[in-house]
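Number of protein chains: 2
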Amino acid sequence: MNAPTDPHHLLPQLNLRDVPQALLDALQARFGAQCATALVVREQHGRDESSFSAPPPAAVVFADSTQDVADAVALCAQHRVPVIPFGVGSSLEGHLLAVQGGISIDVSRMNQVLAIHAEDLTVTVQPGVTRKQLNEAVKSTGLFFPIDPGADASIGGMAATRASGTNAVRYGTMRENVLALEVVTASGEVIRTGTRAKKSSAGYDLTRLMVGSEGTLGVMTEITVKLYPLPEAVMAAVCSFPSIAAAVQCTIQTIQLGVPIARCELLDGQTVAMVNRHSKTTLREEAMLLMEFHGSPASVQEQIETVQAIAQDNGGHAFEWASTPEERTRLWTARHNAYFAGVQSRPGCRAITTDTCVPISRLAECLLDSVAEANASGLPYFLVGHVGDGNFHFGYLIDPDSATERATAEALNQQVVARALRLGGTCTGEHGVGLHKMGFLRSETGDGAVAMMRAVKQALDPHNILNPGKIFSL
Amino acid sequence: MNAPTDPHHLLPQLNLRDVPQALLDALQARFGAQCATALVVREQHGRDESSFSAPPPAAVVFADSTQDVADAVALCAQHRVPVIPFGVGSSLEGHLLAVQGGISIDVSRMNQVLAIHAEDLTVTVQPGVTRKQLNEAVKSTGLFFPIDPGADASIGGMAATRASGTNAVRYGTMRENVLALEVVTASGEVIRTGTRAKKSSAGYDLTRLMVGSEGTLGVMTEITVKLYPLPEAVMAAVCSFPSIAAAVQCTIQTIQLGVPIARCELLDGQTVAMVNRHSKTTLREEAMLLMEFHGSPASVQEQIETVQAIAQDNGGHAFEWASTPEERTRLWTARHNAYFAGVQSRPGCRAITTDTCVPISRLAECLLDSVAEANASGLPYFLVGHVGDGNFHFGYLIDPDSATERATAEALNQQVVARALRLGGTCTGEHGVGLHKMGFLRSETGDGAVAMMRAVKQALDPHNILNPGKIFSL
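Protein chains in written order, with my numbering: chain A, 1 to 474; chain B, 1 to 474.
Fair warning: there could be bad hints in the mix.
What follows is a set of in silico ranges between Cβ atoms, one per label pair, in the way DEER data are often shown [as the list claims (entries may be wrong)]:
#1 B/Gln415 / A/Asp18: 38 to 44 Å
#2 A/Gln67 / B/Asn15: 38 to 44 Å
#3 A/Ala318 / B/Lys139: 36 to 42 Å
#4 B/Asp399 / A/Gln67: 51 to 57 Å
Straight-line alpha carbon distances no greater than 20 Å define the calculated SDA-like cross-link-like pairs of lysine to any residue that follow [said to hold, decoys possible]:
#5 B/Lys139 / A/Thr37
#6 A/Lys280 / A/Ala318
#7 A/Lys226 / B/Leu423
#8 A/Lys226 / A/Ala318
#9 B/Lys226 / A/Gly172
#10 B/Lys139 / A/Gln256
#11 A/Lys139 / A/Ile116
#12 A/Lys226 / B/Gly172
#13 A/Lys226 / B/Arg330
#14 A/Lys226 / B/Thr324
#15 B/Lys226 / A/Gln253
#16 B/Lys226 / A/Leu423
#17 A/Lys226 / B/Gln253
#18 B/Lys226 / A/Leu257
#19 A/Lys139 / A/Leu257
#20 B/Lys226 / A/Gly424
#21 A/Lys139 / B/Gly258
#22 B/Lys226 / A/Ser361
#23 B/Lys139 / B/Thr324
#24 A/Lys226 / B/Gly89
#25 B/Lys226 / B/Leu114
#26 B/Lys226 / A/Gln256
#27 A/Lys226 / B/Lys139
#28 B/Lys226 / A/Glu176
Stretches of chain A that chain B covers, calculated by requiring three or more beta carbons in the stretch to come under 8 Å of a beta carbon on chain B [unchecked claim]:
#29 162 to 176
#30 196 to 210
#31 387 to 395
#32 429 to 443
Bear in mind the hints are in silico, worked out from the structure with no lab data behind them. Keep in mind it's a predicted model, so treat the numbers as computed, not measured. Every residue, glycine too, gets a C-beta built ideally from N, C-alpha and C.
Turn these sequences into a full structure, and let the hints guide you.
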């Protein structure tokens, strides 16, 4: 994780602002040992899972409370210095990099589950609570929080990037599952958006304006999300297919029939091979769907019968079933490790990941043409997809010191995005824009919509201190 | 529907701006017969289903296209004159009233279903398409659009108010079901928000910023919504209960168990009596739940068995079932007519409606205390509820010429709202803020959140021409 030397890593958004000593003094005075300026701490907070790098932030404030966040933001606001919220550092798009300098606000110590309302299927947490911690905390209630982006991300980070993952095909994304927020604004004021009511028409939807705003409109300090009853029956399955095309056709037909499948994940054959090597599994090294069915026993049985018939029509074979929690965990751990299995398949590499999402009817076209291009490029890659949603990720595995490979990967990424946009899709299904997709955002939404986003940003953060340089160049 | 003389009808937001003859001339030149200035047309467009009144708009432009809307807005923008989008006029909150004068833009002729993508479960429509028209248009595909606010509202109006209604307990509201929009901005520019992809993290969620913005941030000219497969099996049921409390307990337990009930509606006994008189039905005049179950035959059977057991535990009796479309339509027509049945039960009256929504665990407390207050007031009322969502409506039936009755109804409304807010709910589940709930919005969200909404409004509509005087006083 050394800072790369290749100038391709240095970003055009790099526009460092001064962090005056007076601010550092004020932060030290207010926060004492909660404010760290040691290089190692700053470097930990100045990078994420992306392949980008930038100089580290000038200091890290470890917030313990909403008041801490509010005070840190207010002090930074006085000095017009950027603030960058930090959860667990699992962003793939450079969200956490201090590309304009500034202060990192680490909320990982704000990890309290504040209120479980089992009877209303809601829970309120601090932003540093991770999804696994949340599920552990609510387990005894018979409820669960389904959003699962793979990484054990913080709920704050997931809300900030509008994350989703493997369960979104049935349960939706953070967009659908955040009910209410407490947010520290650019001036350090604390506001609340939304209530615990299931629906509301009370003015502008500030909750959803904040969800997916990548820390550029406010710092979330409390998050209320929906919970769901643990399904009575759960069955997971893997099924191998003679081709990616066949697996995708099976997915499309399943979704179009309205089967309430809970998870529907694609791995291509070479990614299955990477997973086998990494996780010591013995999965068939062919295109594969990993599926999960939730419901009453009868409903799960119905879903299985329907999907099995569709799979067989498409040449699916070698069904394996996992009904116990242990078997299911083993299966899904393999899927969750696909990213790391991919990265470890080429020692020293970094992954450049794509994140397009298209209407399901266009999935086969988008995916297969992109696979052909990736194969032709000669770059190694892994391929996984939340295909039930039309969302997939290539991870092009590049030598970080090779400008050529980086350029090849970026060119492939651009081709995938251009294709997805032509097919009515989006450049990012769940990772966010961050540093990497500003140009894509413009192509996708048009200048008018980007101008509207900028106007909102300007109105809510007039001095551009909230995670500046992300989403659009400002 | 004559303009009332009681000063209580005149609103503090009444702050008429001049509409210069030059603008009227320009609109006539651009739109010819599509621009009407006849008093009768203007009066039709200067009111809605609310009990408010204001002078009519200065002219009505009947838009046929996005370009028409853009040109009308651009002309009004030049002259700093308000524009008020108009669909079918079914707002209950005064959204359509020209409280600051201006021009009504009637989009009811923009009623084309533009693109049905059955394979992706999406459809794109113009804003004047009504929900019944939409369902007629997609019927042959085996899909349907579930959002059903009762009135045959326009999709544009439903999106603008973040509407929901009887199916929201299972299918969500317009918040969850609008995928993408084409919008004319305050300057007359045309932008697009969102794509047909099922999910996206591409920048700020402008789609959801527009949904529920009540025409104050832009005029919607195209709306892409989700469709759902028509369920294989549908069963509707009515069940009578010895008390409202018992019906509410049955609802709470059903939701907490995670039964995927598609509709769960409450009527109190006197409202059932009003419906019987209006619709010539013979329903038992007791508290009643109307329910609907969607799914496979086995799943519907499971749901029915579960809910029947819960109902019986709570004293539910006299189940009636409706499985054929004709029987179901009869049942639901009775529910849909409850509003008119209520209003017609007192000749010459107007209804002042409440719209609170609370977390389901607080529903019994909120509803029962509010019923006790309404009974004590002596005002006649009807009571219906989308109780599966924790949302209910009183309709206080007042003599529009009686300031006393209006004051009583408003006082009751305030008490209901104050109670809902205390219990963690919202002042409006689905009708919007409009003219009536500005004070409630402030109590609900706090000054900080309202200030943020105002900042967004100011940024996107600096001359305050888009439906001004709604949501907050500006």
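Subject >> Violations among the numbered hints >> reply: 1, 5, 8, 13, 14, 19, 24, 27
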